[in-house]
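Enquirer: Please build the complex by placing chain B with the ligands on the supplied structure of chain L, with the hints as guidance.
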Amino acid sequence: MTYKRIIAASLIIFSLLSGCKKEEAEVIILEVEETIPPVPPASDDELRIAVSAIISPKKTFIYYKEMLDYISKKMGMPVKLVQRDTYAEVNELVKQEKIHAAFVCTGAYIDGKDEFGMKLLVAPKAYGEPYYYSYIIVPADSDAGSFEDLRGMRFAFTDPMSNSGKLAPTYMLAKMGETPSTFFSKYIFTYSHDKSIEAVAQKLVDGAAVDSLIWDYLNATSPKFTSKTKIIFKSPPFGIPPVVVSKGLDPKTEADLKKLFLDMHLDPDCKKILDKLHIDSFIEIDDDAYDSSREMRSWVNERQTDK
Amino acid sequence: MSGKQINNHKGFMLSIGLKQKIVLTITGVILLLGLMIAVFVNINQTNALSSVLQNEGVTITRNLAINAVEPILTDDLVGIQRLINEVRKLEENVFYIYIIDVDGYVLVHTFNKGVPASLAEINVLEQGGNYSAKLLNTEYGYIRDIAVPVDSLGVIHVGISENNIRRQVFNTTWTLILMTFVVMIFGVLLASYIAAWELRPLDHLTKGADEIARGNLEYRIEVNTKDEIGILAEEFNKMAQDLNTSRAELIKWNEELEKRVIERTKELATSDEKISAIADSALDGIHVIDKDGIVKYWNKASEKLFGYTKQEAIGKKIHALIAPERFLDIWQGAIQSKAVEVIVVKKDGTEFPAELSLSKLGIQGGWDSVGMIRDITERKKAEEERKNLWQQFLHSQKMDSIGRLTGKIAHDFNNLLTSIVGFSYLALELLPVDSPATANVKRVCSVGEKATRLIDQLLSFSRTRVLEMEVTNLNNIINEIRDILEQMTGEDVKIELKTESDIKNIKIDPAQIEQVLFNLAINARQAMPEGGWLTISISNVEFGEQIINAYPGTKPGTYVKLSVQDTGVGIPEEVQGKIFEPFFTTKEKGEGTGLGLSTVFGIVKQHNGYINVRSELNKGTAFNIYFPATGEELAENIHDKPTPKAPGTETVLVVEDDSATRKLFTDILKLNGYNALEADCSEDALIIFEREGAAIDLLLVDVVMSEMNGWELYETIKKKAPDIKVIFTSGYVDNPIIHNVILKNDLPFIKKPFTPDLLISELRDVLDKNK
Ligand SMILES: Nc1ncnc2c1ncn2[C@@H]1O[C@H](COP(=O)(O)OP(=O)(O)OP(=O)(O)O)[C@@H](O)[C@H]1O
Ligand SMILES: [Mg+2]
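The listed protein sequences derive, respectively, from chains L and B.
Sequential numbering from 105 applies to the first sequence in my numbering.
Sequential numbering from 322 applies to the second sequence in my numbering.
Here chain L stands alone, though its shape is the one from the complex (with noise of 0.2 Å):
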């Protein structure tokens, strides 16, 4: 009797055991013809805009997102946005005219201008005036107080085309009788202004050039990294990034395309996208704006051949 007992326990404890194995497995076949399309070609009634990479591609499209939208909603056609990592990049795309329009960096623009003839089409006015600056921002506990103190450390900037990431300090090397390679232990790209705040920030580097829309617009709205720097050389004023157009876009387009921006803080729905952006509204914009900035970049490039 106990024998038939222990063994019914055994069977009991069995069944348990073996009861919480049991994970549903879906059956599926891999190995199958019908397959998950991929993504379609870009159909031609869509307005394609570029954002350059002033910030961060993700940055950039949680920020111009809501923009684009309103502008779809506003043009009657779909808006879709298009970074690329570069300025070098985005300019390309401008020039191959795949893209109909791009905010652009300043430095981006004189040189898309100077290469194909990249059209200027509005430029945003930001905390009342069209410029912007390039600041030389350190850890917030760093004792370097002037540019001339970052000599021998690591520095970063942002794009090799920006203005005030690379040319602005460059410039400033230029007049010191200085390149980046012989200034400073060591430089990098990071591509993007928050790259180099958070890089300044997380002490990766020493120093860094950023633009002032950009660490002004951080330090107002997420001052995380922010907080952890300090300026200690503000540039003169440049040229601020404009929205340009390819060539090739048609004027009946471009003509729409203008009066909606430079109507844009008008509309009080867009206006609220305006001050997330921190832009007071677009206006009308000269090349001459950006003549401070060709000459920086003209004088640093007849003294320098790095880049």
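Check before you lean on any hint, since a few could be wrong.
To be verified - The calculated DMTMM-like cross-link candidates involving lysine to aspartate or glutamate, where the alpha carbons are at most 20 Å apart (straight line), are:
#	chain 1	residue 1	chain 2	residue 2
1	B	Lys587	B	Glu576
2	B	Lys434	L	Glu138
3	L	Lys202	B	Asp397
To be verified - Reference excerpt, derived from the structure (chain L facing chain B, CB under 7 Å, subset only):
#	residue
4	Val131
5	Ile132
6	Glu138
7	Thr139
8	Ile140
9	Phe165
10	Ile166
11	Gln187
12	Asp189
13	Ala192
Read the hints as simulated data drawn from the structure, not as lab findings.
Ideal placement from N, C-alpha and C gives every residue a C-beta, glycine not left out.
Expert: What follows is chain B with the ligands alone, placed relative to chain L:
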């Protein structure tokens, strides 16, 4: 069926040895444990490894997702493709990777052909979900699909193959099973060895037990160990020791006991035999029954009483044997130790009354009953007879007193009638033949004689009549009166006579017997108004001792039976006891006096006979009369007529206290030539005798007188004149002197009333005797 299997199984478990049991148990336990561990490990490891793998997969996927954001935003699909290809190459468990955008289009993937359409539907990420994992069973084995969002741009799916961990678990499981078997084999060997080693003392124990069981109490078990078995062995040895000593004691005791038992058995046997012999010698039936009534003992008397032998009776139910069914209730009541009267039945079915007494006999574990049964047939009969006897006695006492009364009355009447009749006859002789008074006196004579006959009947009943006994034969009497009987009964009644030739003689008064027959015949005739048969049968009967019981005062011997039987109305039972009483009649006034049967009764009694009646209503009545037979021969010429007498010359002294009767005597004597002297009492008579002396030839003496009675007077005178003759007279017959002295000595006696002729003829006879 299943019960049998269980029993077999049980039997198997019981039949195998302890060693095998231990080995079997250990084997079973190890096997069970091993298998349980294997299963447990299998399941748990699978689960644990799966979850680890899943976490790893989630991490990889998240990383990929993070890294994929920018390439996606900047349309750098080549970069992503390179990235995922790289990851897939590096992570051996990653089976596939693919990313679909928010619109459901595939951005990049690692499949050969493309992303299977159904795959994306299986693991759908929830809105705002962190990640989602789903196990897939594919042709490449188990794959866990992990989906992680790529910001809001799309979803990345990574397939983590579980083949590796599953193989690992499989290997572990089998290793465990293998190990289990190894351990089991080792365990079995070890268990066998330990069992063999550890149970060695047990073997010793077993052997010891065997030895002790075989009676070898001297055997001692080797004690090698100090464990339980060792202790047991020690205990065992102690027990054997104790057993040994107690056995020795036991044997001694046993011998003693046996001796005693033999003695007691002998005693018992003899006492048993004795008891049996006693019981067998008992006259009463003795039996022993158990509480269910089953016979356990049956003595000889029982065998005789009931006809069942011991062998037949023992083991049967007593009630079935000897209790008649209709008396079962009474039998049931016979449990008390009180004796009860019951009816029992023999083997042959006859029943008899018995006295049953039961008494309980306590035996161990219950009780038996001893029953004693006594045949009380004889006692019953005797009791019955005693009752009869008593009734008869009472009846005869009654009859006697009635008889005495009637006798006294009859006697007085008799004396009166003696005078009336006597003087009438005298007057008739003295009267001239042509006297006109003659006819009247003659009428007085005949009425007087009628009255005399009536009185005679009364006297017969009171048995105070003087009988004139003769040796005779009933056949003769019947033959003589048959004609008269036929006349009496008339034509309607046929008379049948049944008799035998060798009917014994009897000593009777033929006239009285004729009277009996007439009375009975008349009654029969009256009982058959429509006619019928009157059967008179005569036979000899021999009465044994029984007759004494049946009829009080009866003597055993040969009797002649006279039976008078009719086919008439019969006599109601309640009346049968009264019919012999005088004046009992059921007939109309004037038709019957009620004296007929009382006369018959008296006559029969006086003849030392017996009478009884058997009657059934509307069937008929039979009167049976028994007369004692006599060996004497028939007397001849008993009915000789007295010859006419010559006138007497002798002198007769008449001694009679009744003056009328005395005058009648003297008148008759003188009329017939005799000299008559008279005295009114014995004293006077003596004076006359003194005076006359030898002149007196004969004394005519009344027996019953006051002062000196007739007999004393005769005795006195006889002393002086021995040759003197005597004739006694009396109206009484039941006077002791008459019976015991006079009739016994055959002295001459004349019963009053008498006719003058009778007196003269008797006188002549006496005077002429011995002349
Ligand atoms: N043979 C018989 N059958 C029926 N009844 C009888 C018989 N003999 C006698 N008895 C009854 O017995 C009674 C008495 O009878 P018993 O002879 O003594 O008187 P009796 O016949 O009545 O009168 P008596 O004989 O004086 O004329 C009768 O009255 C009758 O009832
Ligand atoms: Mg009668």
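Enquirer: Less than 7 Å between beta-carbons is the criterion; does Val131(L) satisfy it with respect to chain B?
Expert: Since chain B brings a Cβ to about 5 Å from Val131(L), closer than 7 Å, the hint holds.
Enquirer: Classify the hint on Glu138(L) as holds or violated, based on whether any CB of chain B lies nearer than 7 Å to its CB.
Expert: holds, 4 Å
Enquirer: Should the hint that Thr139(L) touches chain B count as held when the rule is a Cβ pair under 7 Å?
Expert: holds, 3 Å
Enquirer: Min Cβ distance, Asp189(L) to chain B: is it shorter than 7 Å?
Expert: At 5 Å from the nearest chain B Cβ, Asp189(L) passes the 7 Å test, so the hint holds.
Enquirer: Less than 7 Å between beta-carbons is the criterion; does Ile132(L) satisfy it with respect to chain B?
Expert: Constraint on Ile132(L) satisfied, holds at 5 Å.
Enquirer: Within 20 Å, alpha carbon to alpha carbon, are Lys587(B) and Glu576(B)?
Expert: Holds: Lys587(B) and Glu576(B) sit about 16 Å apart, inside 20 Å.
Enquirer: Keeping to a limit of 20 Å between CA atoms, is the pair of Lys434(B) and Glu138(L) held or broken?
Expert: The given pair, whose Cα atoms are some 9 Å apart, holds under the 20 Å limit.
Enquirer: Holds or violated: the hint that Ala192(L) contacts chain B, with Cβ atoms closer than 7 Å.
Expert: Violated - the Cβ of Ala192(L) stays beyond 7 Å from chain B, reaching only about 13 Å at its closest.
Enquirer: Min Cβ distance, Phe165(L) to chain B: is it shorter than 7 Å?
Expert: holds, 5 Å
Enquirer: A closest beta-carbon separation below 7 Å is what the hint needs, so does Ile166(L) meet it against chain B?
Expert: Nearest chain B Cβ about 9 Å off; hint violated.
Enquirer: Straight-line Cα separation of Lys202(L) and Asp397(B) no greater than 20 Å?
Expert: holds, 15 Å
Enquirer: Could you check if Ile140(L) really has its C-beta closer than 7 Å to a C-beta on chain B?
Expert: holds, 4 Å
Comparing the model with each numbered hint stated earlier shows that hints 10 and 13 do not hold.
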